[in-house]
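**Q** Model the full structure from these sequences, guided by the hints.
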Amino acid sequence: MINVPGIHDDERSGSASELWKALHQVHQIQGVVAMGTALWNFVMKRVRDDANIALHLTEMKEERMNLEMMGHRIPENEFKMWLISSLPPSWDDYIKASFGTVGTIEDMNMNSHELRMHILNEY
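Take 1 as the starting number for the sequence shown in the working numbering and just add one per residue.
Wrong hints could be hidden among the right ones.
[Said to hold, decoys possible] Quick list of simulated restraints, FRET-style, between CB atoms: (1) His113 <-> Gly71: 18 to 28 Å; (2) Lys21 <-> Asp107: 44 to 54 Å; (3) Asn111 <-> His72: 44 to 54 Å; (4) Glu18 <-> Asp49: 49 to 59 Å.
[Unchecked claim] Using 25 Å as the maximum straight-line C-alpha spacing, the simulated DSS-like pairs for lysine-lysine come out as follows: (5) Lys45 <-> Lys96; (6) Lys61 <-> Lys96; (7) Lys21 <-> Lys45.
These are computed hints drawn from the structure, not numbers from a lab.
The beta carbon of each residue, even a glycine, is placed where N, CA and C say it ideally should be.
**A** Shown next, in the form of structure tokens:
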């Protein structure tokens, strides 16, 4: 008998279909926890002043793609907001000067790729 964490002995005696359902439930719970953790890490991310901004922007893009593969789509405007808010405190003046007159993130006349390039040009 195969020992699968989270599957009790009484669940092992069923058909292959029942075992598959039990396995799916165990892994789905872990998937939800993993996605929640990944999302928390993404939205709380703020790069340090001495960090490599180019690497940080690449990591943010990769984390967005990973979240989407986990089933959590981050809309374009929300991603732009998280990009800006993840910059270090020393960039606050740059952010105010560049985007302070923009009413909402939807009013920003650039997509997330263009925003990343704009930030890299300043870096």
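**Q** Going through the numbered hints above, which ones does this structure break? Give me the numbers in ascending order.
**A** Going through the list in order, the structure violates hints 3, 7 and respects the others.
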